[in-house]
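Once you have looked at the hints, place chain B on chain A.
Residue numbers (the working numbering), protein chains in the order written: chain A, 45 to 197; chain B, -9 to 176.
Read the hints as simulated data drawn from the structure, not as lab findings.
The structure presented is a predicted model; accordingly, all values stated were derived computationally and were not measured.
SDA-like mimics (lysine to any residue), calculated; alpha carbons at most 25 Å apart, straight line:
id, chain 1, residue 1, chain 2, residue 2
1, A, Lys97, B, Glu67
2, B, Lys120, B, Glu47
3, B, Lys162, B, Met137
4, A, Lys66, B, Pro5
5, A, Lys64, B, Asn15
6, A, Lys93, A, Ser78
7, B, Lys11, B, Gly147
8, A, Lys64, B, Leu45
9, B, Lys11, A, Ser78
10, A, Lys68, B, Asp42
11, B, Lys11, B, Ile148
12, A, Lys66, B, Ile77
13, B, Lys66, B, Ser138
14, B, Lys83, B, Ser119
15, B, Lys4, B, Ala18
16, B, Lys66, A, Pro99
17, B, Lys163, A, Met45
18, A, Lys93, B, Asn17
19, B, Lys66, B, Gln141
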Amino acid sequence: MDELISRTINTERPQFDTEKWKQKYPEEYQTLLSRASKGDSNRKPKILKAILKSPLTKISAAAVIILAVTFLSTHRDPGNQEQPRIVEVAKYPVEMMTAISLERAFRRGGIEAVEEQCKQAFKPIAPRLESSSIKQILAEFNGNGKISGRTRP
Amino acid sequence: MPGASEKEQSVAQKPDIVLVKAAVNGNAEGFTELCRRYYPAMVAIAHSVLGDRHLAEDAAQQAFAKVAVKLPQLKKESRFGNWLAVICRNIAKDIARRTENFHSTDDFSMAAAKSGDDDTTEVVRQAISKLSASARELVFLRFYDGMSYEQISAVLGISEQAINGRLRRAKKKMAGYLRRNGFGEV
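Bound-form chain B, shown alone:
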């Protein structure tokens, strides 16, 4: 169906704010396009909290379900990404509490052992787990799907300069951890 693909393309080209307005008025296409755009970021946020990819995907989908209902309550359409991220983060924390699967060093070590990763990967995982929740979230967003600073800024609601600074501090902290664990200059 060439007509349908053309329509899909036109929806994909629309800016977020237009899609949010359409979704508020019950436009399913607009809403699913927003889901497609923000799904990787939401999975990354949930993964940074839960430490598990499948649970993270569940949390992201649950966040979209909640947003589908609560979308008319959104005051500023331009803040959709940030609003969605807050919802997703809270859902991930709820899941973590329920499943008692809070992100910890042990979880990372176990994941590494299961996947048969080498020592370096395991130590890097541990270094990530030592970061604060917000710094870990930022690292996941940046490296999970190679998101740009602009995209991260839309999701976290902070400036690109702030993202750059926080990311630099997080990497410095990780480098310190790696040095203390027998790694050279990284």
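Isolated chain A (complex conformation):
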């Protein structure tokens, strides 16, 4: 069988004639030569090409980027971080206690609880405003219950 096929289709070995081909396709040949002057500039950078070529390197590159971003976001230089601003709430112990009590009331029941707290706080003071002297009122504010003869609840 092999002999039969060989006899049927086996012909003279075709020879490539370079000069003839160049004359027949001058534009294509010039295009080929023009790449020599351009060199590698029209090709992608080697590192980028290597990364994009293999799926494994693609995944590795993505993992490195994710790790870097995570590290930067969690371990940023504390010196560069903006310090939280401290709000000056109270200068004196009494004011501080008032602020704490109002804050607790707010946490418990919001602004309604704060109002209720204020109402309760001012209730014992209100009737005495007419009869009490300024000295007594100030003493009440400073928490000295001995002067007025009463104690805070």
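Relative to chain A, chain B alone:
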């Protein structure tokens, strides 16, 4: 010029992948060496489609012209032979459509009549024409220029085992055709 012949020899000894890389960067010598190496295979592929040697040579040359321009688009240098074969096959099919000279039994019969071949050769031609396009291409590659399985593998991009199997099936089919047409055991 002894210098030039030495240079030619060194280019001829280089593996395909090196020549392809050089050709991508515009090296004309590398490119023409690749053309010399793959020309017989490309003519065989085109001949299996067109059924005409001269048209097949035109198709192969046209394929090299296309490759000269599109070579930077080649992704894997190691697949050059297969890529070139695909281009050549498509060009041959285009030519066949244009010239309405699609490979057929009649074409083979006419070619045989013109060349004054004997009856056996004509029946073998007909048997080849009855094969599928891929099997016919394989038979042409193997017997046109006595290409090795390794060379065919580089051009078709299939394993040597697959080539062996396909070739065996093609020959079996041809033998069946010959038996039905009055030939004894072949």
